[in-house]
Amino acid sequence: MRQTKYMMSDGLAFSEEKDMEKLRRLSLKGWHVCDFKFMGYILEKGESSDYIYNLDYRSLEEGEEEEYFDLFLSSGWSHVASEAGIHLFRAEPGTKSIYSDLDTTAEKYKSSSDPMIKMAISLFFITALLWGGAIMSSGVLHSILFTAAVIFSVLVAIIAWTAIAQYSNKWKTEGKHRLASLGKMTLPLLLLIAVIIMFFVIETGYAIRILASMIIGGIALPIIIRGIISLHHIISKKTEENKR
Amino acid sequence: MKKSEHLTDSMFYIMAALTKPRHGYAIMSLIEETTGGIISIGPASMYTIIKKLLTQEWIYLHDGSDSRRKTYLLTENGREVLAEDVKLRKQMIQLAETGLKEVEE
Chain A
1 MRQTKYMMSD GLAFSEEKDM EKLRRLSLKG WHVCDFKFMG YILEKGESSD
51 YIYNLDYRSL EEGEEEEYFD LFLSSGWSHV ASEAGIHLFR AEPGTKSIYS
101 DLDTTAEKYK SSSDPMIKMA ISLFFITALL WGGAIMSSGV LHSILFTAAV
151 IFSVLVAIIA WTAIAQYSNK WKTEGKHRLA SLGKMTLPLL LLIAVIIMFF
201 VIETGYAIRI LASMIIGGIA LPIIIRGIIS LHHIISKKTE ENKR
Chain B
1 MKKSEHLTDS MFYIMAALTK PRHGYAIMSL IEETTGGIIS IGPASMYTII
51 KKLLTQEWIY LHDGSDSRRK TYLLTENGRE VLAEDVKLRK QMIQLAETGL
101 KEVEE
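So the sequence lines, in the order shown, correspond to chains A and B.
For reference, each letter of the first sequence is one residue, going 1 to 244 in UniProt numbering.
For reference, each letter of the second sequence is one residue, going 1 to 105 in UniProt numbering.
Hints are supplied without guarantee of correctness; some may be wrong.
To be verified - The list that follows gives simulated cross-link-like pairs (lysine-lysine, DSS-like), each with its CA atoms no further than 30 Å apart: (1) Lys110(A) x Lys51(B); (2) Lys20(B) x Lys96(A); (3) Lys101(B) x Lys110(A).
Stated by the list, open to error - Taking beta-carbon pairs under 7 Å as the criterion, some of the chain B residues facing chain A (in silico): (4) Ser10; (5) Gly24; (6) Tyr25; (7) Ile38; (8) Ser40; (9) Gly42; (10) Pro43; (11) Ala44; (12) Ser45; (13) Tyr47; (14) Thr48; (15) Ser67; (16) Arg68; (17) Lys70.
By construction, these hints were calculated from the structure, which means they are not laboratory data.
Predicted model, so just to flag it, every value in this text is computed and none were measured.
A virtual CB, placed ideally from N, CA and C, is assigned to each residue, including glycine.
Turn these sequences into a full structure, and let the hints steer you where they fit.
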């Protein structure tokens, strides 16, 4: 019987290397990654073997996949899974890394970050509109807009943070260590500024309410998502077993 | 286009292998063979650079009939860029060689 389990990623922009190390250790224990699943990986039970893993970010157009994957296969890297422009490869230990120079490694992080930055900017404008609407409206409409605005704010912050983290990876590759650590600090700094502005511009009670909803949202959302995925995975496995 | 734009080492090796039509893996093998395995290009770096050279129009798709192994060749422009870079690299080699000789004497 096919035995699978789910492993959550800590966010590739923040822990790509750690994730790849973890996948290697799990392969040694006989759990081999076979697919991506929302914010994580699906592992399949098999025989224990030593595999190393590498990731590439690239949006491939139609007709480009064959050449791309053949190039990797010829170099000893077999394709495991792809999702949303992220490609996971596996090889025997000792196989040379998929990136051989710093220039192209830096480009890898840049190309994964650019679409996220575009998304963050457009979402930022929507968020600003929602806040504007929430402040000017009242009653039920106000509650709806307020809730939407909070959710979108958290979303923009997460995407922007991820994009900046990828840029920090790029800077680190290029040897700009100070810029890289600054990049990783951006979000906490921005949050601090946002909180200060909130307390000065709007009344304190209102600001505390916004802040509290953001903190609760920020903590609860990942926990809920994690819970739902594990639950979904267990249920779909059960139904699969029942079918047999 | 800036002709004086400096090529990275990897770009230089790949362009040097594309004076004749070759596919990606053939380029990688040729570079490894030539340097006795000391220099090797990873597949992700290879793919990134091929795409870059195509947009710069320094190489072009020579034969795309085998979708797994498309072959590429330098354009006229690419040949000029490569020749310029060879000149630059020769100057640096000369500097090193004369310097080494002076010490020996």
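For each hint, the structure was consulted:
1. Distance restraint check for Lys110(A) and Lys51(B): the Cα-Cα separation of roughly 15 Å lies within the 30 Å cut-off, and the hinted pair is therefore satisfied.
2. For the hint linking Lys20(B) to Lys96(A), the alpha-carbon distance of about 26 Å falls within 30 Å, and the restraint holds.
3. For the proposed pair Lys101(B) and Lys110(A), the alpha carbon gap of about 44 Å is over 30 Å, so the pair is violated.
4. Here the hint on Ser10(B) is kept, as its CB sits about 5 Å from the closest CB of chain A, short of 7 Å.
5. Interface restraint check: Gly24(B) against chain A, minimum CB-CB distance 5 Å, threshold 7 Å, status holds.
6. The closest approach between the C-beta of Tyr25(B) and any C-beta of chain A is roughly 4 Å, which is under the 7 Å cut-off, so the hint is satisfied.
7. Interface restraint check for Ile38(B): the shortest CB-CB distance to chain A comes to about 12 Å, outside 7 Å, so the restraint is violated.
8. Taking 7 Å as the C-beta contact cut-off toward chain A, the hint placing Ser40(B) at the interface holds, the least distance being around 6 Å.
9. With 7 Å as the threshold, the beta carbon of Gly42(B) comes within range of chain A, its nearest partner Cβ sitting at about 4 Å, so the hint holds.
10. Nearest Cβ of chain A to the Cβ of Pro43(B): about 4 Å, under the 7 Å cut. The hint holds.
11. Interface hint status for Ala44(B): upheld, as the beta-carbon distance to the closest one in chain A is roughly 4 Å, under 7 Å.
12. Interface restraint check: Ser45(B) against chain A, minimum CB-CB distance 4 Å, threshold 7 Å, status holds.
13. For Tyr47(B), the interface hint holds, the least distance from its beta-carbon to any beta-carbon of chain A being 6 Å, beneath 7 Å.
14. A least Cβ separation of about 4 Å between Thr48(B) and chain A falls short of the 7 Å threshold, and the interface hint therefore holds.
15. Taken as an interface hint, Ser67(B) checks out: its beta carbon lies about 5 Å from the nearest beta carbon of chain A, inside 7 Å.
16. With its C-beta approaching chain A no nearer than about 4 Å, Arg68(B) sits inside the 7 Å limit, and its interface hint holds.
17. Proximity of Lys70(B) to chain A holds as hinted, the smallest CB-CB distance being about 5 Å (cut-off 7 Å).
In summary, the numbered hints that this structure violates are 3, 7.
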